[in-house]
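*Asks:* Take these sequences, add in the hints, and give me the full structure.
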Amino acid sequence: MIGNAKRSPMLREIHPHIGNSLKDSYVFEFLNLSESYSENDLQKGLIHQLKNFILELGKDFLFIGEEYKLQVGNSDFYIDLLFFHRGLQCLVAFELKTDKFRPEQLGKLNFYLEALDRDVKRPNENPSIGILLCKDKDNEVVEYALNRSLSPTMISDYTTQLPDKKFLQKKLHELFENS
131 MIGNAKRSPM LREIHPHIGN SLKDSYVFEF LNLSESYSEN DLQKGLIHQL
181 KNFILELGKD FLFIGEEYKL QVGNSDFYID LLFFHRGLQC LVAFELKTDK
231 FRPEQLGKLN FYLEALDRDV KRPNENPSIG ILLCKDKDNE VVEYALNRSL
281 SPTMISDYTT QLPDKKFLQK KLHELFENS
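If you're matching positions, the sequence shown starts at 131 in the numbering used here and goes up one per residue.
Rather than coming from a laboratory, the hints here were simulated on the basis of the structure. Be careful, since some hints might not be right.
[Unchecked claim] Straight-line distance between alpha carbons at most 25 Å, and here's what the computed BS3-like set of lysine-lysine pairs gives:
#1 Lys296 - Lys265
#2 Lys181 - Lys153
#3 Lys174 - Lys230
#4 Lys199 - Lys174
#5 Lys153 - Lys265
#6 Lys265 - Lys227
#7 Lys174 - Lys153
#8 Lys199 - Lys181
#9 Lys238 - Lys227
[Stated by the list, open to error] Estimated spans, in silico, between C-beta atoms of each pair:
#10 Gly203 - Gln179: 50 to 60 Å
#11 Ser166 - Arg216: 29 to 39 Å
#12 Arg232 - Arg142: 18 to 28 Å
#13 Glu307 - Arg216: 39 to 49 Å
Where a beta carbon is used, it is the ideal one built from N, C-alpha and C, also for glycine.
*Replies:* Dropping the structure here:
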């Protein structure tokens, strides 16, 4: 379930029961990426493994396109990945980042959502949602960055590998000791 601090106020207002539809964290172990990879490597890997990516996202996602072109004025812009969510009845734009979340990344995503809502969204659809997928995030920074955001956005993180078995056993042992 997604905590309120990881959702913008507008997203909470438009979709108050979104918690079961979108995740706060994703595991992309199926990509088998090297230690140092680019956003392009991440995007191409997700497209190549689209079935596994959609299964990780959850049900009701329909793929629309990669590097989805938006034209605003005389300039072209490209959304990394664009989906439609059947249950939420809205477009979902994913921006991929291979580094830690930075507040300024929200500006670009908010711009994309405005362009989608003005030029792509159909009248019967809900406002578009933006998901910034970052390698890492500081939850307090995310909360501050989203607190005044007027766009329906959220920040999710991902890992490209599950924790190793010894680490999981240690955490499980600690959990039982503290119970």
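*Asks:* Could you run down the list of hints and mark each one as holding or not?
*Replies:* Quick rundown of the hints versus the structure:
1. Lys296 - Lys265: Given pair Lys296, Lys265 holds - Cα atoms ~22 Å apart, limit 25 Å.
2. Lys181 - Lys153: holds (17 Å)
3. Lys174 - Lys230: At roughly 20 Å apart (the allowed maximum being 25 Å), Lys230 and Lys174 satisfy the hint.
4. Lys199 - Lys174: Distance of about 16 Å is within 25 Å: holds.
5. Lys153 - Lys265: holds (15 Å)
6. Lys265 - Lys227: Measuring from Cα to Cα gives roughly 6 Å; hence the hint holds.
7. Lys174 - Lys153: Within the cut-off at roughly 21 Å; holds.
8. Lys199 - Lys181: With a Cα-Cα distance of about 22 Å, the restraint between Lys199 and Lys181 holds, given a limit of 25 Å.
9. Lys238 - Lys227: The given pair, whose Cα atoms are some 12 Å apart, holds under the 25 Å limit.
10. Gly203 - Gln179: 50 to 60 Å: Since Gly203 and Gln179 have Cβ atoms about 35 Å apart, the given range 50 to 60 Å is violated.
11. Ser166 - Arg216: 29 to 39 Å: holds (36 Å)
12. Arg232 - Arg142: 18 to 28 Å: holds (22 Å)
13. Glu307 - Arg216: 39 to 49 Å: At roughly 44 Å between Cβ atoms, Arg216 and Glu307 fall inside 39 to 49 Å, so the hint holds.
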